[in-house]
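Position 106 of the first sequence, counted from 1, bears residue number 106 in our numbering, the numbering being contiguous throughout.
Keep in mind the hints are simulated off the structure, nothing from the lab.
These numbers were taken from a predicted model, which means no experiment stands behind them.
Among the hints, erroneous ones may be present.
[To be verified] Below, simulated EDC-like cross-link-like pairs (lysine to aspartate or glutamate); rule was C-alpha separation at most 20 angstroms, straight line:
#  : residue 1 : residue 2
1  : Lys302    : Asp268
2  : Lys411    : Asp203
3  : Lys302    : Asp346
4  : Lys390    : Asp346
5  : Lys191    : Glu296
6  : Lys191    : Asp132
7  : Lys327    : Asp383
8  : Lys293    : Asp270
9  : Lys123    : Asp203
10 : Lys360    : Glu331
11 : Lys360    : Glu389
12 : Lys112    : Asp124
13 : Lys123    : Asp28
14 : Lys411    : Asp346
15 : Lys390    : Glu401
16 : Lys411    : Glu323
17 : Lys148    : Asp124
18 : Lys276    : Glu299
19 : Lys360    : Glu342
20 : Lys293    : Glu316
21 : Lys112    : Glu272
22 : Lys276    : Glu296
23 : Lys411    : Asp383
[What the hints assert, rightly or not] Label-pair restraints from in silico Cβ distances:
#  : residue 1 : residue 2 : range
24 : Ser255    : Gly220    : 50 to 58 angstroms
25 : Gly220    : Lys3      : 23 to 31 angstroms
26 : Gly16     : Gln319    : 21 to 29 angstroms
27 : Ala333    : Phe116    : 38 to 46 angstroms
28 : Pro339    : Arg192    : 44 to 52 angstroms
All C-beta atoms in this analysis are idealised placements derived from N, C-alpha and C, irrespective of residue type, glycine included.
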Amino acid sequence: MSKYKSAFLRVLDERGFINQISEPEALDELANNSCITAYIGFDCTAASLHVGSLLPIMMLHWMQQTGHRPIALMGGGTTRVGDPSGKDESRRILTEDDINSNLRGIRAIFSKFLTFDGGTAGKDAIMANNADWLNSLNYIDFLRDVGKHFSVNRMLSMDSVKMRIDRQQELSFLEFNYMILQAYDFVELNKRTGCVLQMGGSDQWGNIVSGIDLGRRMNGAQLFALTSPLITTSSGAKMGKTAAGAVWLDATMVSPYEYWQFWRNTEDGDVERFLKYFTVMPLAEIARLAALKGQEINEAKKILATEATALVHGREAAQQAEETARKTFEEGALAEQLPTAEFPRDNLEVGYGVLAAAVKAGFAFSTGEARRHIQGGGLKVNDTTVTDEKMKLTLSDLTPEGVIKLSLGRKRHVLMKPV
RNA sequence: GGGAGAGUGUCCCGAGCGGCAAAGGGGGCGGACUGUAAAUCCGCUGGCUUAGCCUUCGUAGGUUCGAGUCCUACCUCUCCCA
């Protein structure tokens, strides 16, 4: 049983989203008696968000579900500065155009988790951009009104800064100002929308608390902080990175099938946590799935994969991905929905080198890499391991469906389609 | 402004008495074992038309049969003093 009275905190607590809250009782009371407004900041250094951003997005989602108003704050202004928290090196500074086009991509993702214009006055989610107020700041005014509230002594003692200094890594003045700007965001949002709560990952605690201080000093406002635990996989790896790079939430960057596979390959020890974080399934059902042991836990992983994929790409795409996987992995059959790669039909007449085909399929960046895969016994044509790197694909390799199935390892399959 | 030091395989860290396609990690990929898991073990981790050839160690020159390694200039970064 949760110790919280408000539905909002109770749900977050039960699902494991809470790491730390600044004044839990007061916030609980407020959330129980009124509709509160809270925000989370997202940077826009990339064209899409990846799995790592899913946790905060889900917090906003639950917030809206429990009757409150979420704000997704795009860091259009702060992205131009770069957050030193947890990073060893300075971030690349993006151009205005980059940032704006990234913003557009990210906007689309949020609409899948939040309702922006559902007609429920006062509870629609808001998309804000801190460039709106940061870009037009006047330096002198800012120093006088905001800067005077910050103690450099204290800033130097903050973890994000101290780490850089201890390691003798440079921290530019630009980055040093990041926390001031973030604190200012909080105060500005409070003024504009009545936002009283900032959420974020546990690494953001210091920045968020700075905002609370600033709000009190400037406006006497009572603000709150709520942080979520940083998630890693059971084996300690960072969330959301795979061989091919980040697991993006945009279907054109990572297909629903690949996205489904990402979740299907979750480690045993992460299944329960991930079900709570990344699906909206009832806790009782999750508890049942999490109790599965040994081989049976694979059933839970499939459900996790389908539910998580459905949230981002829609139920239909999720079920299609599940079906494709079932055919491919459980029946060993040829599933038409597997990723495909096209090549000229003429190639088969003269013999299409496997090396070239493997590169075409995206299994290797060079024929040399493809060659190594074959030497390592990792490449298969129509489920038969390739032993001769000089092998040519011909018309007789076409399956009855008119394609050639190329596989790398046991998990990656591509249908080669002659055109 | 003065002084000291650093930039290595386009994922990261990091060795490198003038013979180097360049040690060692991490990460990643493949194989074995499995449950599309984890752990473990093995292999691979510049390019190509692969007995060979081509291109790599901040940039541009120089010395040398031969330069990541020595010299010169330049660029970038860090630290210390002012």
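Going down the list of hints, with the structure as the test:
1. Lys302 / Asp268: At roughly 12 angstroms apart (the allowed maximum being 20 angstroms), Asp268 and Lys302 satisfy the hint.
2. Lys411 / Asp203: violated, 35 angstroms
3. Lys302 / Asp346: violated, 40 angstroms
4. Lys390 / Asp346: Judged against 20 angstroms, a Cα distance of about 18 angstroms means the pair holds.
5. Lys191 / Glu296: violated, 52 angstroms
6. Lys191 / Asp132: holds, 14 angstroms
7. Lys327 / Asp383: Given that 20 angstroms is the threshold and the Cα spacing comes to 14 angstroms, the pair holds.
8. Lys293 / Asp270: Satisfied, since the Cα-Cα distance of roughly 13 angstroms is no more than 20 angstroms.
9. Lys123 / Asp203: violated, 28 angstroms
10. Lys360 / Glu331: Given pair Lys360, Glu331 is violated - Cα atoms ~26 angstroms apart, limit 20 angstroms.
11. Lys360 / Glu389: holds, 15 angstroms
12. Lys112 / Asp124: holds, 13 angstroms
13. Lys123 / Asp28: holds, 18 angstroms
14. Lys411 / Asp346: violated, 29 angstroms
15. Lys390 / Glu401: violated, 25 angstroms
16. Lys411 / Glu323: holds, 15 angstroms
17. Lys148 / Asp124: violated, 35 angstroms
18. Lys276 / Glu299: holds, 16 angstroms
19. Lys360 / Glu342: Distance of about 8 angstroms is within 20 angstroms: holds.
20. Lys293 / Glu316: violated, 29 angstroms
21. Lys112 / Glu272: violated, 23 angstroms
22. Lys276 / Glu296: holds, 19 angstroms
23. Lys411 / Asp383: holds, 12 angstroms
24. Ser255 / Gly220: 50 to 58 angstroms: holds, 51 angstroms
25. Gly220 / Lys3: 23 to 31 angstroms: holds, 29 angstroms
26. Gly16 / Gln319: 21 to 29 angstroms: Since the Cβ atoms of Gly16 and Gln319 sit about 27 angstroms apart, the hinted range of 21 to 29 angstroms holds.
27. Ala333 / Phe116: 38 to 46 angstroms: Given about 42 angstroms between the Cβ atoms, the range holds.
28. Pro339 / Arg192: 44 to 52 angstroms: holds, 45 angstroms
Consistency with the previously given hints fails for numbers 2, 3, 5, 9, 10, 14, 15, 17, 20 and 21, ordered from lowest to highest.
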